[in-house]
Amino acid sequence: MYKYDQYDQAMVDARVAEFRDQVRRRLDGTLPEDKFRPLRLMNGLYLQLHAYMLRVAVPYGTLSSAQMRVLGDIADKYDRGYGHFTTRQNIQYNWIKLEDAPDILADLAKVEMHAIQTSGNCIRNISSDQYAGATADELIDPRPYAELLRQWSSFHPEFSYLPRKFKIAVIASATDRAAMRLHDIGIEIVRNEQGEIGAAFYVGGGMGRTPMIAPCINAFVPLDQLITYSEACLRVYNRYGRRDNKYKARIKILVHELGKDEYTRQVEAEFAHLLSQGIEPPLAELERIKVQFADPAFETGLPDSVDRSDPDFAVWVDRNTAAHRVPGYAIVTISLKPVGGIPGDATADQIRLMADLAKEYSFDELRVTHAQNIVLPHVRKADLYALWTKLDEAGLSTANLDTIGDIIACPGLDYCSLANARSIPVAQKISERFAGREAEIGELKLKISGCINACGHHHAGHIGILGVDRKGTENYQLLLGGSEGADTSLGQITGPGFDEDGIVGAIEKATEVYLANKQGEERFLDTYRRVGMAPFKEAIYG
Amino acid sequence: MKILTGNDLKSGAVTWWAGNGWSLHVEDAVDVGTDAETILAREEAARRVVSGYAIDAEKTADGVRPAHIKDRIRAVGPTVRLDLSLKPADPAAGNWVI
Ligand code: SF4
Chain E
1 MYKYDQYDQA MVDARVAEFR DQVRRRLDGT LPEDKFRPLR LMNGLYLQLH AYMLRVAVPY
61 GTLSSAQMRV LGDIADKYDR GYGHFTTRQN IQYNWIKLED APDILADLAK VEMHAIQTSG
121 NCIRNISSDQ YAGATADELI DPRPYAELLR QWSSFHPEFS YLPRKFKIAV IASATDRAAM
181 RLHDIGIEIV RNEQGEIGAA FYVGGGMGRT PMIAPCINAF VPLDQLITYS EACLRVYNRY
241 GRRDNKYKAR IKILVHELGK DEYTRQVEAE FAHLLSQGIE PPLAELERIK VQFADPAFET
301 GLPDSVDRSD PDFAVWVDRN TAAHRVPGYA IVTISLKPVG GIPGDATADQ IRLMADLAKE
361 YSFDELRVTH AQNIVLPHVR KADLYALWTK LDEAGLSTAN LDTIGDIIAC PGLDYCSLAN
421 ARSIPVAQKI SERFAGREAE IGELKLKISG CINACGHHHA GHIGILGVDR KGTENYQLLL
481 GGSEGADTSL GQITGPGFDE DGIVGAIEKA TEVYLANKQG EERFLDTYRR VGMAPFKEAI
541 YG
Chain U
1 MKILTGNDLK SGAVTWWAGN GWSLHVEDAV DVGTDAETIL AREEAARRVV SGYAIDAEKT
61 ADGVRPAHIK DRIRAVGPTV RLDLSLKPAD PAAGNWVI
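As given, the protein sequences belong to chains E and U, one line each in that order. In this text, residue positions in the first sequence follow the working numbering: the first is 1, and each later residue adds one. In this text, residue positions in the second sequence follow the working numbering: the first is 1, and each later residue adds one.
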């Protein structure tokens with residue numbers, strides 16, 4: 001894992017001191033709210049429905065045990081005993097007091113964490129594959145490049161006031177687990193026909209009110225020009241992005257309006273210019289970073305088999321573990337989606353337990369996934385049963401990864417001041433309705449947003465739900481056919497919306513159509529793509 | 001009726017204008033008539049409240065009820081965590097929201 005050097009630490013410490021002074025001045029009246037608000041947002045502190053909310057950055061979703069432990073302690077010490085893991089691989093606290101915020105940031109800084117650039121029109125936390133460095137299907141480890149991008153984008157003076165917020169994802173597997181093409185820039189590390197490693201740039205994706213799938217604007221950028229090319233993409237956007245209209249300010253609108261070819265032409269021209277400026281970080285810096293992502297001390301000769309005599313454990317192994325590139329190890333996903341629970345929430349005790357389990361079983365490492373779960377990336381298969389037993393005792397052994405119970409849900413109207421409708425109660429009802437049917441229904445990604453901002457990725461759900469306000473009452477639109485993986489697609493609205501109970505019934509009908517039409521090993525999405533919307537619509541509205 | 005709501009500057013807690021100060025309980029909210037702007041300007045300047053705004057509400061048998069669901073949720077707390085609400089002992093508190 002990346003360790004801060006003295007520059008990283010000094011920057012974060014200076015920011016804590018600066019914010020402490022800003023809060024003091026806000027409270028003593030020398031700094032008015034209109035001046036203070038942008039400053040607190042730069043430190044991830046929002047004012048939400050019930051209180052201040054603090055969003056803490058988890059760079060590319062990677063955490064050490066020590067960091068995770070502090071996240072649990074903050075939940076106890078300053079919040080109400082829980083935290084919420086988000087679709088941006090971050091964590092949010094919902095009940096923060098303004099006067100405590102500087103102390104929280106100081107606690108975070110001690111473990112090399114902060115809340116900088118988790119709000120505002122800047123480059124946000126870089127996201128990545130939660131299986132990075134562990135999965136059998138990756139070309140190289142994308143994390144050193146994610147870290148390089150993190151350093152480049154942190155406090156980047158030219159990109160601190162972009163037309164709108166900006167999100168970048170970096171992956172290195174053909175299996176996209178990071179919704180890469182639904183980012184402002186999606187970078188996929190690839191191998192070309194000559195066998196060289198480079199980066200494919202997908203620019204102008206996003207969700208929100210105008211969802212777009214990012215087109216590939218350059219299929220191969222040499223890795224030693226990664227930052228220069230990123231800078232060129234941002235420069236063209238910063239110059240021409242719509243600052244006059246918030247709803248048209250994201251890069252996806254610019255790429256769409258200019259057209260992919262014209263945007264690309266401008267990026268290439270800027271890139272050629274920047275190449276002559278020598279802005280790429282020195283190779284030595286990349287090497288310094290890479291060393292910190294060296295493999296942990298994997299053992300060799302470990303047994304690759306797992307004793308499956310406990311049937312509940314066997315179900316969990318099949319559902320919640322993935323192939324590791326080192327024999328004898330597995331990648332474990334801890335579901336934060338218990339039946340009827342709040343997606344992504346974990347208590348302080350659960351957070352600390354996961355920290356301890358990572359220390360004991362996963363070389364001190366954890367990952368936050370964009371699906372609001374936690375990954376232990378390097379677990380010996382021989383330890384899986386002991387790990388599962390401890391998770392089970394803490395209510396963390398739900399075996400539902402990528403099934404209908406593994407719902408992504410944004411905070412919605414229970415917490416979010418922008419929401420139109422509640423997301424969480426709908427998730428809870430669906431999870432309860434379909435509990436125990438995971439094997440029967442199979443892979444089904446269900447995603448719920450409480451408003452058009454789409455933090456719950458509803459456009460990319462095999463089944464998506466969007467909460468809308470219909471004359472002051474909550475109403476839910478149903479979408480089918482979205483996907484965020486290598487086969488990214490946007491869901492289509494089925495028709496008129498439903499109330500809270502109606503939407504659960506509509507999903508029941510949609511799954512019935514799937515099960516009745518399913519051929520062979522087809523997933524819900526495959527069947528939908530083959531048979532189309534019509535039979536679903538007929539069953540739902542007929 | 002028109003009532004005022006906002007957040008306590010220091011704690012962020014949802015508060016309601018009670019006529020002579022701010023209350024955590026919506027049932028204490030009073031009708032401000034046409035005085036909303038004056039009261040808010042004074043209270044924000046005194047740093048007692050932040051993000052204040054006026055809303056429509058009605059007086060019911062159960063007390064003051066904000067017109068919009070968003071403000072009813074603000075008054076009660078997250079409907080999915082009623083244990084954290086101002087009425088943790090009342091399992092029906094969430095029903096009041098809908
Ligand atoms: S999608 Fe809307 S309701 Fe949900 S968290 Fe985002 S802004 Fe809030």
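There's no promise every hint is true.
Listed next, the in silico DMTMM-like pairs over lysine to aspartate or glutamate satisfying Cα-Cα at most 20 Å (straight line) [to be verified]:
no., chain 1, residue 1, chain 2, residue 2
1, U, Lys10, E, Glu512
2, E, Lys471, U, Asp90
3, E, Lys471, U, Asp35
One side of the interface only, derived from the structure: several residues of chain E facing chain U at Cβ under 8 Å [unchecked claim]:
no., residue
4, Asn218
5, Val221
6, Asp224
7, Leu413
8, Glu474
If you are wondering where the hints come from, they were derived from the structure by calculation, not from laboratory data. In this text, a Cβ means the ideal position worked out from N, Cα and C, and glycines have one as well.
Against the structure, the hints:
Our distance criterion of 20 Å between C-alpha atoms is broken by Lys10/U and Glu512/E, whose separation comes to about 51 Å. With a C-alpha separation of about 28 Å, the suggested pair Lys471/E and Asp90/U falls outside the 20 Å cut-off, and the hint is violated. Simply put, Lys471/E and Asp35/U have alpha-carbon atoms about 27 Å apart, too far for the 20 Å limit, and the pair is violated. For Asn218/E, the suggested interface contact is broken, since its CB lies about 44 Å from the closest CB of chain U, more than 8 Å.
For the restraint placing Val221/E at the interface with chain U, the shortest Cβ-Cβ distance is roughly 44 Å, beyond the 8 Å limit, so the hint is violated. Annotation: interface hint on Asp224/E violated; nearest CB of chain U at approximately 47 Å, more than 8 Å. Here the hint on Leu413/E is kept, as its CB sits about 6 Å from the closest CB of chain U, short of 8 Å. For Glu474/E, the interface hint holds, the least distance from its beta-carbon to any beta-carbon of chain U being 7 Å, beneath 8 Å.
The structure shown violates the earlier hints numbered 1, 2, 3, 4, 5, 6.
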